[in-house]
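Starting from the given sequences, assemble the full structure and let the hints guide the process.
Protein sequences appear in the order of chains A and B.
Start counting the first sequence at 124; every next residue gets the next number (this note's numbering).
Start counting the second sequence at 774; every next residue gets the next number (this note's numbering).
Any given hint could be a false lead.
The calculated EDC-like cross-link candidates involving lysine to aspartate or glutamate, where the alpha carbons are at most 16 Å apart (straight line), are [as the list claims (entries may be wrong)]:
#, chain 1, residue 1, chain 2, residue 2
1, A, Lys-186, A, Asp-567
2, B, Lys-835, A, Glu-656
3, B, Lys-939, A, Asp-158
4, A, Lys-560, A, Asp-537
5, B, Lys-835, A, Glu-247
6, A, Lys-483, A, Glu-656
7, A, Lys-388, A, Asp-543
8, B, Lys-835, A, Glu-250
9, A, Lys-483, A, Glu-509
10, B, Lys-814, A, Asp-184
11, A, Lys-366, A, Asp-543
12, B, Lys-814, B, Asp-851
13, A, Lys-388, A, Asp-252
14, A, Lys-495, A, Glu-446
15, A, Lys-180, B, Glu-810
16, B, Lys-814, A, Asp-265
17, A, Lys-483, A, Glu-446
18, B, Lys-835, A, Asp-251
19, A, Lys-366, A, Glu-188
20, A, Lys-186, A, Glu-478
21, A, Lys-186, A, Glu-563
22, A, Lys-256, A, Glu-243
23, A, Lys-179, B, Asp-851
24, A, Lys-495, A, Asp-410
25, A, Lys-560, A, Glu-188
26, A, Lys-388, A, Glu-243
27, A, Lys-558, A, Asp-543
Quick look at which bits of chain B chain A covers, simulated, 3 or more residues with Cβ under 8 Å [said to hold, decoys possible]:
#, stretch
28, 861–869
29, 882–888
Derived from the structure by calculation, the hints contain no laboratory data.
In this text, a Cβ means the ideal position worked out from N, Cα and C, and glycines have one as well.
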Amino acid sequence: MSDENKNDLTEPAPQTAPESEAPASAPAAGIPRRDVLKAMASVPVLGLFFAGWYRKKLAEDAKREAIMAELGISEGAPAVIPDAISRPPSKLIRIGIIGFGGEGENLVRSAGFAHPEWIEAQREAVEDDPRHKGLETFMQQDDLNIEITAVCDVFDVRAERGLTAASNAVGPGARHSGRAATRFRRYTDLLDSSDVDAVMIATPDHWHSQMCIDAVAAGKHIYVEKAMTREEEETHRMYEAVKGSDIVFQLGHQQRQTESHIKAKEVIDAGLLGPLTLVETTTNRNDPWGAWVWEIDERGTPETIDWEEFEGPAPNKYPFTPERFFRWRCWFDYGTGLSGDLFSHEYDSVNQILELGIPKTCVASGGIYYFKDGRDVPDVFQAVMEYPDRDLTLVYSATLANGKWRGRIFMGHDATMEVDNGLRINADGSSTRFKEKIDEGLIDPSSPLFTYQPGFRGVDAITSATAQYFASRGLLYTYRGGKRVNAYNLHIAEWVDVIRNGGNTSCDIEQGFQEAITCHMATRAYQLGRQVEWDPVARRIV
Amino acid sequence: MPSAAARDSTGMHEYGRFQLTALVGLRMLVGWHFMYEGLAKISNSFWTSAGYLEQSQGWFEKQFLSLATNPGALTVVDYLNQWGLLLVGLALLVGAFARPAALAGVLMLLLYYLAAPPFPGLEYSIPTEGSYLIVNKILVELAALLVIFGFPTSNQVGLDRLIFRKRYAQSVG
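Next comes the structure, spelled out in structure tokens:
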């Protein structure tokens, strides 16, 4: 209780009254001075309040400014164009999808065309838990002004599903789903079709290279899923084909669009972390689905699946095997396991942020330690890559039998940066650069120096417990201008925009070549059980 | 000690000096707290209620979650919280429209309490600064506001003395 109140509760002597208040509050209304004084009793407390608040705010602002000045980076969201699509979208682009499995369906949906069953499932999910925002995000996707005119899949059931999705009347692509798409059994026939301007390829990896080379020959623009290729030699052939053409190429690393990655590049470019010597990337999954033990559709038989076309360029041929068809990532005949599926994402993220390129050397090890189901790719896999010209090591460590979140960590002499959908930087206790600020107590190495929460109003340099918690959870989506968006949708939109208006895609053939070669170095090192090296002159893994 | 609180013929309370001092003190303390909570949120451009709502549990989990996950609703909720806290706090502190302000404050605190009730069996990922079983500081402050509502003082010490002067003047003659 303040003194002011005590005074007012007693009868105040008239001479102690502030002369200015009474006339202002009671303009000639004949209100007794005693009433005015008691009414205004708390005004001095209000003054005390604002004085205290102002002092506190000044101190916090000073601390914040000192930190931000030290960091030398902006507080706001990264400067990306909030909407990659040129308005008004000009020419309608006609797209063929090759491979309508899980990822193919995801791509088509991200382009604006969802299967009705998916929409129904999402509606039910929202009823169960309002945190499910899949349907809302889908419905808010931009209309890319594209049409799915052709679907190619070797499995009849999936091809039919693709045709249904292409003609679904709900969602951002609905305007363009009047005309029924055509099913092709052979991708070469799809490429020959005059109804197709561009293709999205979401087949198993062993088909990517040949399909891309043929698409270039047919003059079709390409969006191809990662990993770009299955092995080194086809990578060179594909690179030459795409490089020598004028088609627009995008490799499907959708996290190129993730706001936190773009922000992380800003942080690196500002030199905030100091000399960076170690980057640690990880994969931790602990469920059969995450280990590619995918559902086997009972309708998949030699009658409904063109097995010969599926095998195509695979090095070893087998009689029809449902496991090999539905769980192809488990065999080196069709993919490269962890290396191509998940290390490729990790590498591409780091390459996006650091522009590392291909490592000088790579060692790798691992084994099939948990999923002993007949697969030949490892389920525990570690790869270590050296970049001596950057004084830096890149480590990838993965297991498919433990789900502990280990994150993606950039370790510098002055600070550590952890990047997922959010971004957190902690100063290092022994940092040279921050020594003075740490000694002054302005920077506390045990709590984040800088937290970036996508979609939540930019950077928080004075981090609250709530904010830290929220950032560490990582959100499922990326953001543009505070709006929640699907990263796949942005990645496809960028590709379509470059087809229309020129420019560069963010994951072009150069980036793709670096991704593919680095992954193949890791795979080769594992298979050979020795260190492999990149010969930059001969451009070959040795 | 003066006589216990009683109502005069117009329904106004008559307090002893200690009672009035204690009640005005309580009103101003709660007002101060509300006001600073509001001001701190307004002046922190990164503040959002999303984190609190997102971890909601208990009876109204779904309703609070749907607010957290809807950007439009979240903007409204954030504004209502920031300015609601500030205005309720200011009203209590200076004693202007203090009774409706107390009720508004009770409503806000009830929502905060119900969003994350400290019931046995519910665990929250946002750490709390104390140990609570069913009763937490939100509930205590809520009860304090009920007292402030039930034992009004702003028509004696506060701007309500001027705002509702005629009524008060009549009551005391």
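- Query: What are the numbers of the hints that this structure violates, sorted from low to high?
  - Reply: 2, 11, 13, 16, 17, 19, 20, 23, 26, 27 and 29
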